[in-house]
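Novice: Mind assembling these two chains? They're in different frames, but the hints should get you there.
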Amino acid sequence: MAEATVMERMPASSKPVVASASAAAASGSRIGFEDVSVTYGSLTVLHSFTLTVNPGEIVALIGPSGSGKTTALRAVAGFVKPSSGRILIGDRDVTYLAPYDRKIGMVVQNYALFPHMRVDENVAFGLRAHGAAEDVIRKRVPECLAMVGMAAYGKRYPRELSGGQQQRVAIARALAPRPQVLLLDEPLSALDAQIRRSMLDELAKLHRDLPNLTVLYVTHDQTEALTLANHIGIMRDGRLQAFGGAQSLFRHPPNRFAAEFLGRANLLPASDLQPGEGDRAHVRFGGTVLSARNHHRLPKGSDCLVCVRPHDFRFTRTATEPNSIGGTVVSVQWQGDVHNITFEAGGQTVRMTSTPMASPPAIGEAIAVHFDPDEVTLVPEDARHG
Amino acid sequence: MLVWSKSGRIATWAVAVPLFLLIYGLPIGVIVLASVSGQWNDILPTKLTLAHYSDAFRADSFDALKGSLVTGVVASGAALVCGTWAALALRKMKPVPRRILDLFFFIPSAVPSVSIGLGLLVAFSQPPLLLNGTKMIVLIAHFVLISAFTYGNVTAGLSRLPIDCEQVAESLGARPFYRLRRVTLPLLAPYLIAAFSLSFALSMGELGATVMVYPPGWVTLPVRIFSLSDRGAIFDAATMATILGAATLLVLIGLSRISTKAMVR
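Which chain is which? The protein sequence lines are A and B, in order.
Here the first sequence is numbered in the working numbering, starting from 1 and rising by one per residue.
Here the second sequence is numbered in the working numbering, starting from 1 and rising by one per residue.
Same shape as in the complex, but just chain B (with noise of 0.2 Å):
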């Protein structure tokens, strides 16, 4: 810590707690304490009530829960696998070429996701690349803004392997396919994980390009929680709000568990 003096300290935690508490927690209790509302006309609900999270797990609502983790594990999983080929593959290539593709897998990130949402759907909405209005643009689109962030994770990843790790693999007989196996994809289960973290973290929040692209009957949880709130149901909004901050941190705190233990060897 910077601040040395014990009155430094006490004051600079009284400035950066309560701007913690304003920035983050006051959302975020906001929305918590509007899903379990009946009725809210003061400062606080008048009435509380666990109506919301019921109606929830029902209907529209739960496919739309089932629709937003089924997409972010498809995508996530999807973006990992050609991130983690792409980035392996670049790792070979001489510097100018590497620079040039780099730049190339890194372009999605820089494009607004609504801009991305509408290219998709004017690509593939006339054959023989009819994909408008199936689960698949969708799945495309969370693919398209997810991967640079899967690649450059694991382009990280591998540029802090040991490399006498690998090359010694290579002068005990191990080939290619068998050290990638046994060595690299181990070293680099960390960076695997906290990749497909980030990317599934960033598929269930997403809204700008789903809302361009998505079809009947595969609605994701941003998506229903933009309708819901559109239509003024502001507590099943918050509750649906809710739902999707728990789900995405439960499963973040399962894969960092998993990475942690990967780090410790």
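Same shape as in the complex, but just chain A (with noise of 0.2 Å):
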């Protein structure tokens, strides 16, 4: 079973409440997913799920195609049935729950607008599906599209709107009928890069706004996670690898999953391990010692992986720092703000980045890079994904 414990808590949020915005959500309520499986014949691809998603919390499942991430999501809102454990929203089992009984909100990849309704229409079309008097109907929606930055776009019909603002108002829709939980399925897939980016800058603003609402956000985007959620479940063949606060995960990967997926980080093979002072140890890689934080408390002699960021990495020309590397560039490119630099070292192929330099290395230039300790953490090794 794949048990997830929360590694660290992110502060609630501490900025000020909209008022009219605030009010577009109830109290959130807990996620909860207790040993949940999901088979289709004799596949299964949720393995034994464990993970809670705390009241006004957004927790982000990811993971490559195939995980299981969406599964999960899909399972909270109704859509599949698993073949063992419970899904729980709030106290109450929806395990068997029908999806409309659910009290949920969802926003999928395609925005899934109805296109015969305009989108004030749209919006309406959860509180009429719960039998919500004209009058709350008539204060709501404006106020939902307010939310939203869409107040003037009402009238029109989603063929009339741009990829972004459809997704808007997919949210606004979402959140009208005031959901216990908000699930997002890959909501900015659809989106060009800019607008991703400024799609991904409101969502945030709106969960200022909406400190209260639960947000189970599914992404193969580990920017748009590690920017929105609290915490972060990484996942893989059905099952949950890791989970943790999104910085604790990003600093200190229990696994050389977690490591790769988010952030792709360097994995340098080592070997050796002997403690060091407080939570640091020293490793061998190569012929040279290294020294990391040994957060996971890996066992005295044993063989790691030392985890370390592109960007942790700073480069000098000569091996005159601690716990520096040798290699030889392999490749350099410029892309504006940063320099990539791809160097062997070791038997490793290795990633940097860097700000712009003035004179960057050339290909197969003898170099040499450190790293600070401190940023730097022990891994252990996982065969079965070796």
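Don't take every hint at face value.
As the list claims (entries may be wrong) - Over the 12 Å line for every Cβ pair with chain B, so calculated as not near, a few chain A residues:
no.: 1; residue: LYS155
no.: 2; residue: PRO211
no.: 3; residue: VAL330
no.: 4; residue: GLN333
no.: 5; residue: SER354
Stated by the list, open to error - Cross-link-like lysine-lysine pairs, in silico, DSBU-like; alpha carbons within 35 Å at most:
no.: 6; chain 1: A; residue 1: LYS103; chain 2: B; residue 2: LYS47
no.: 7; chain 1: B; residue 1: LYS261; chain 2: A; residue 2: LYS155
no.: 8; chain 1: B; residue 1: LYS66; chain 2: A; residue 2: LYS103
no.: 9; chain 1: A; residue 1: LYS103; chain 2: A; residue 2: LYS139
no.: 10; chain 1: B; residue 1: LYS66; chain 2: B; residue 2: LYS261
no.: 11; chain 1: B; residue 1: LYS94; chain 2: A; residue 2: LYS81
no.: 12; chain 1: A; residue 1: LYS81; chain 2: B; residue 2: LYS6
no.: 13; chain 1: A; residue 1: LYS139; chain 2: B; residue 2: LYS261
Unchecked claim - Pair by pair, the computed Cβ-Cβ distance ranges are:
no.: 14; chain 1: B; residue 1: ARG181; chain 2: A; residue 2: SER84; range: 29 to 39 Å
no.: 15; chain 1: B; residue 1: PRO97; chain 2: A; residue 2: ASP35; range: 31 to 41 Å
no.: 16; chain 1: B; residue 1: PRO176; chain 2: A; residue 2: GLN348; range: 35 to 45 Å
no.: 17; chain 1: B; residue 1: PHE20; chain 2: A; residue 2: GLY149; range: 47 to 57 Å
no.: 18; chain 1: B; residue 1: ARG99; chain 2: A; residue 2: GLY149; range: 43 to 53 Å
no.: 19; chain 1: B; residue 1: PRO176; chain 2: A; residue 2: THR223; range: 30 to 40 Å
no.: 20; chain 1: B; residue 1: ARG98; chain 2: A; residue 2: THR39; range: 14 to 24 Å
no.: 21; chain 1: B; residue 1: ASP164; chain 2: A; residue 2: ARG118; range: 18 to 28 Å
no.: 22; chain 1: A; residue 1: ARG264; chain 2: B; residue 2: LEU88; range: 43 to 53 Å
no.: 23; chain 1: A; residue 1: HIS311; chain 2: B; residue 2: PRO97; range: 49 to 59 Å
no.: 24; chain 1: B; residue 1: ASP164; chain 2: A; residue 2: ASP35; range: 20 to 30 Å
Keep in mind that the hints were calculated from the coordinates and are not lab data.
For clarity, every value in this text was computed on a predicted model and none was experimentally measured.
Even glycine gets a Cβ: it sits at the ideal position worked out from N, Cα and C.
Specialist: Okay, here's the thing in structure tokens:
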């Protein structure tokens, strides 16, 4: 069973609540997966999945295609029936409850606005489905549209809106009936990069305005997850590989897959772990002794991986600093605001990112890089996913 | 277009247009011309008249037009309701029973209409299901013949509906009937209209089964045309055929405009 434990709690938002916006969401409820499995015939797509999203939190589920993240979300929505386990929204067991009785809001990748209804009719849909009074609808629809900056577009049809605008309407529509939880299934995937960045800011602002809203956010984009989520679950092959606070998981990934998927870390194979001061440890990488944080308390003498993020390397031309690695440059790419340098060191291909350099190294040049041991962590070697 | 050279395109048009006129234009042209002919002893009519049209809107012929329109609308409407219901129900079924029932619904389209007519005649000629000689047996015959096409059209439409829209509707609290009424059917509207149009056109032209089962007093236009031509009243038959074509075309154009409006949304 993949038991998820909260590694770090992010502080609750301290920003002031916007009164009109806060009214658009009910007090958030907990989402609980208890040992949930989903099978299609002989194929198990979700294995004993256990996870809790606390009220008011955003938890992002990330993972490659087919990892089971969307299945988990759809199980909460009621579109996938678990073969075992329980799903809770608040204190209610909703495992076998119809989707329309779950009090959720859902936003999907392709917006799924009703093309035959105007924007305001789309937003009013959930309210009408719940039998809300007309005066409530007349008040709530403009309120929700204003919350997503679409107040002026109520009388348009979805086809008359851009992708970003349609997604805003989809969010307003999901929030209008004041759901207990909001499910976002890759909501920004269909947008181009620039609009995605702006929508990401708007989603972050929306959650600041609605701090009680509980959100389960499925994405394959680590930037979205790191920007929005209090906690992140990393999935692979229908299992939760790692779960923790966004910062903690990024700084101290618990395994190779988490390190590689979240931030594309360099994982240098090291041996002979020796405890150092505090939570530091010394390991041997090739002929070099490196120091790093032993956050996961790996045992003395064990083999492990030194997890170094590309931006944690400091570039020098000679190995004079402690924690230095020497290597030969394989490629240099200038991407405007950064230089990406790839070099071979100890038989490993290592990536580093730096601010733009006036004189970047040439391909084939011998270089050295070093890192701050407090910014680098040791990760247990995971043979199964190696 | 697959032909890129100008000379090639001209040659293609030079073959296609006469072929089209010969195959489609000539029979229709001859029928329309015959419908206004008073006498036709040469390559073209020697005398033109509208007398056949004034006759057509009197008594038996007009009743036949009404009979065809009523039969077409009622049978197509019933086929639309049942075909849509069947398509919606089968969508939720598991693959094997769905395929079996799918095949079952398509059987009438594979059976000759005369066989359907004969089958109905035999089946409904004994009490307690004595429908022989009633209007109902004509409606049933048309319903059986067109329902497969209606079902096929609606099934094709349903397979193209974005499933996300329906699921999001449910997540917003829409119960099944509310979702069906407010989301599924409006999204399906262009396909429903297309299904109705096809069924109506088929019903308006149906002869094989109708001629086996029609009662006195409920003659459809194709049966009337058949009996007129059988009696040698070719000009009257041509007039009725022209009216049949025009009436069907008018209804289809009207439905097509509604369908286009629904599609745009």
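Novice: Any of the earlier hints contradicted here, and which numbers?
Specialist: Structure breaks hints 6, 8, 12, 16.
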